[in-house]
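As a plain string of letters, each chain reads:
4 protein chains.
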Amino acid sequence: MNVRGVFPPIPTPFVDDRIDRVALSANVKQWMKTRLSGIVALGSNGEAPLLDEGEAEAAISTVRDAMPRDRLLIVGTGRESTAATIAATRRAAELGADMVLVRTPSFFKNVMTSDAFVQHYTAVADAASVPVLLYNVTMYTGVNLLPDAVVRLADHQNILGMKESGGDIAQIAECVARTPDRFDVLAGSATTVFAALCVGAAGAVLALSAVLPDLCVELVELVQQGRYDEARLLQRRLTPLARLLGSAHGVPGLKYALDQIGYRGGPVRGPLLPLSAEASRQISEQLAALGVLVRRV
Amino acid sequence: MNVRGVFPPIPTPFVDDRIDRVALSANVKQWMKTRLSGIVALGSNGEAPLLDEGEAEAAISTVRDAMPRDRLLIVGTGRESTAATIAATRRAAELGADMVLVRTPSFFKNVMTSDAFVQHYTAVADAASVPVLLYNVTMYTGVNLLPDAVVRLADHQNILGMKESGGDIAQIAECVARTPDRFDVLAGSATTVFAALCVGAAGAVLALSAVLPDLCVELVELVQQGRYDEARLLQRRLTPLARLLGSAHGVPGLKYALDQIGYRGGPVRGPLLPLSAEASRQISEQLAALGVLVRRV
Amino acid sequence: MNVRGVFPPIPTPFVDDRIDRVALSANVKQWMKTRLSGIVALGSNGEAPLLDEGEAEAAISTVRDAMPRDRLLIVGTGRESTAATIAATRRAAELGADMVLVRTPSFFKNVMTSDAFVQHYTAVADAASVPVLLYNVTMYTGVNLLPDAVVRLADHQNILGMKESGGDIAQIAECVARTPDRFDVLAGSATTVFAALCVGAAGAVLALSAVLPDLCVELVELVQQGRYDEARLLQRRLTPLARLLGSAHGVPGLKYALDQIGYRGGPVRGPLLPLSAEASRQISEQLAALGVLVRRV
Amino acid sequence: MNVRGVFPPIPTPFVDDRIDRVALSANVKQWMKTRLSGIVALGSNGEAPLLDEGEAEAAISTVRDAMPRDRLLIVGTGRESTAATIAATRRAAELGADMVLVRTPSFFKNVMTSDAFVQHYTAVADAASVPVLLYNVTMYTGVNLLPDAVVRLADHQNILGMKESGGDIAQIAECVARTPDRFDVLAGSATTVFAALCVGAAGAVLALSAVLPDLCVELVELVQQGRYDEARLLQRRLTPLARLLGSAHGVPGLKYALDQIGYRGGPVRGPLLPLSAEASRQISEQLAALGVLVRRV
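Chains as they are written, first to last, in my numbering: chain A, 11 to 307; chain B, 11 to 307; chain C, 11 to 307; chain D, 11 to 307.
No lab work stands behind these hints: they were computed from the structure.
Be aware that one or more of the hints could be misleading.
The list cannot tell twin chains apart, which means a pair is met if one copy fits it or any two copies do.
[Unchecked claim] Heads up, simulated SDA-like pairs for lysine to any residue below, C-alpha to C-alpha not over 20 Å straight-line: (1) K119 x L283; (2) K119 x M149; (3) K119 x T148; (4) K119 x A94; (5) K119 x D224; (6) K43 x Q167; (7) K119 x R253; (8) K119 x L303; (9) K119 x G176.
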């Protein structure tokens, strides 16, 4: 099993502040018609921290049911406590996850040392019946899973790789260079994904790929084929929208964009606010420039 | 109802990784023999992010049962989603909380604007049957509840005050100066509590006060009595231990210290690590210097 | 010799981008009619990093000539290299400086350790014929002179104290508590000066005191007299203007304010930009609220 | 005139704390036997902030005399004031600089807006008789020359490009993508130079290239030839030493390394400290691993 290719961290649609399983299923079926390698459910873009455990389980089974068995379902199961992470991982595996993506715990930032991360992930990987991916997303967690900890964890037989959502290319390069070949690093930032692939990332988990699946797959393939000049130009075309859906507007931006192109994004959950009119305009403008804006009926 | 005085944000003791209700109850009874104004349960020092909802409820009822009705029980009920925060607040009130302390949501840092905080806290305060305290703890959340948002929220009839755990005295002074007298600001950082009181904080929520209840109460009273020179000297005596139990070693340090002085701290929950031998030595040294180290039988 | 009291870090007026000695002299004479304890020339607010060595010397002798000998002239002589700092210190002393204020070198931030600072300041203090004040201004330098280094340097017989321009009250308190009584800590941030005095600062170097000399002196005296409640209220009145003249608008704001109240501020030197119309309006509004706006003829 | 290729930002050797012109000249002649495209004198690695104006001029003429006229001499002339920067630029041009590299002014960080940078660089480029390169080195200056300012300045006929010393690849990519082809971006961080080249950097200014000139030139050429896999592997080989000579140990590390390989590094100037024994050991180890360590007689 490997995680090369492109995976969208899909959002969780709501109706009346409950999970909209119909919309979620329809979205997944639509993504499965593209060349995406699978799905990441319950990542940051899935508003996972805003769901309760029952909702998380409903989301997993909905997604699994809408996917062919041979497409990879990766489920976010990171919780603050080690025990809760293990429990969530077990449930996800039972519900059909092929792999879990485990965000760093982060609340007690001052004591989240490399030793603490190694202890946490080792316990989770020991207990998990499916392979584990590490997940470093400093922009949201405020902690940094440093290469020294990654290198120590990459020796664990049940840890297959990591998603690194930061844009620090030196750090990504170090994680690639200092881990065995079987350990895959997935890029999580769409504004730097080309550079990450250049330094050795094996694939990508990109919110952008929920909106532009085939262009994102094409970017990865161009690098794999050594067509760097074309890849660089494609990255440049994608960067403005990547920025809007990333650090600028996050989940509300992604859901809005999906609504514009025939998927079902819908409202976000509080404390997230609806997208502002100005942000909506910026995103629509980029979608139009990329030729993917559809007219809703 | 007001929150002047000193409140300890109490830790949650575990036995076999389950809540140790006997130890928790014994601790609370012991604190209630001091001049502390009440208890803060399920704050950061209570490892609240590491508990599930059932454990949280067990902790609340245990603490309430161990306290006289006329001592204030403040319960931490902040969750990432607005809806979960409202639900936790409702349960806490039913279980006997006099007031709730609501940590800022913080996961989606890039969109946690003042508008988002105002929407979140307004919804929580509208729904709560008990008064609400805002809670800004940037060291752990990585977001900052700015005075502009505090000023807007201080107008809400069900928001009584805030706990500000940061050491930015200009920010504390601004929160005090720009809010009505009925809105109390509680200092949350023991290394700067004297300065916070000088600029108008009404009281304090200090991990240090779980270890040194009467000295912390004395510090607040000295300022209230205008005895600033004595207060300054007392702060200096307390600062080294305050630092060790705060940013240096956090919850593991606090639990260790309690174990040394006749309370029951016990182990922490993963991903927190046990206190290192060197940190233990530093804390014991300060406890000895302050004359509170007891010999355990 | 001590540095208790209030010192304005005076700006350097220019005419046709040369130092305006007439304006500088007139300003100093006017300040000397107030209760300020002396003058700080060639500090950050004096645009010292934008002057050449000849201009610096002209400024020093102009200021000295305009001051009575018994009012303290403190001159900023920090340079990036140790040797240049020693040379500037020697020239300042020859031109009549009573004391020098030596900003931390800061360019090579990654290697500016406490050891580097101790070596630098020791060499300067050894060579100086007048007493030396340390000067930590992280907002401008991006480096932090930590208490551990301050404590080591406070033992030097020719180092009399420090100016700490940051607002970290815990750090100021630590510098006061861990140094001998003969070592004075001067507060450099007007928004937190009351709190700094509470924790033991001996005086203050405040841009605000160039505009409001007597109110700043009054604030220090109120604390010295134990009249903390009055001091707290005075701090609150001063805070909005303090903020505008500090981190918000810096030197251009200070010069503009001086122009409004009968001193001669005049233009700044590039790369500084002239104050915006909006910032001018904010400052004028605060000056009017404080009753010090004068109508220019 | 273009700046493609690799340029070493050369250190300034001292003897008895004066510039050692003999050593400087010998070093330059040795570098000129390699495939480096020219020399950057008086950059950060040249300890420029620690030199006086006379020393700067001596260094420039020494370097110019040691170089053939057809190899590019780029001289650092950034000063804090716009006027001093213009004066230093004029002197450098008179002494034979082909181009100047102008570091952002940075002291008054809070007001160093894009407008301030645009005003500063426009004035310098208007006045300069030789082409100007912008220079962003946030690690040392604490300010960031953002792409928006770069884009505005790239229209100036006398601004040919920039050196970006940061490792933020998204920022480098944006500077490349949003400026005309005639505007060259040089990478300044050796740990991320391969990634910077991938996203379109035209060349590099690397301290590492003073130690390993031909390997650095080879890295740039491999990318130009589309041999990305070889380039990636070469970057990996170079990264450990790149890190040691960059953020880890800076100028003292670079001078030490030069001393080990037959160039003349020599002592640094205060406040810089001599390299520690441990750092020396790490650097020697990397030099040995790369096979460039020479035995000094």
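A quick look at each hint next to the structure:
no., hint, result
1, K119 x L283, "between (26 Å within a copy, 12 Å between copies)"
2, K119 x M149, "both (13 Å within a copy, 7 Å between copies)"
3, K119 x T148, "both (11 Å within a copy, 10 Å between copies)"
4, K119 x A94, "within (18 Å within a copy, 23 Å between copies)"
5, K119 x D224, "neither (38 Å within a copy, 30 Å between copies)"
6, K43 x Q167, "neither (33 Å within a copy, 50 Å between copies)"
7, K119 x R253, "between (27 Å within a copy, 16 Å between copies)"
8, K119 x L303, "neither (41 Å within a copy, 29 Å between copies)"
9, K119 x G176, "both (17 Å within a copy, 14 Å between copies)"
Figure legend: structure checked against the earlier numbered hints; hints not met, in rising order: 5, 6, 8.
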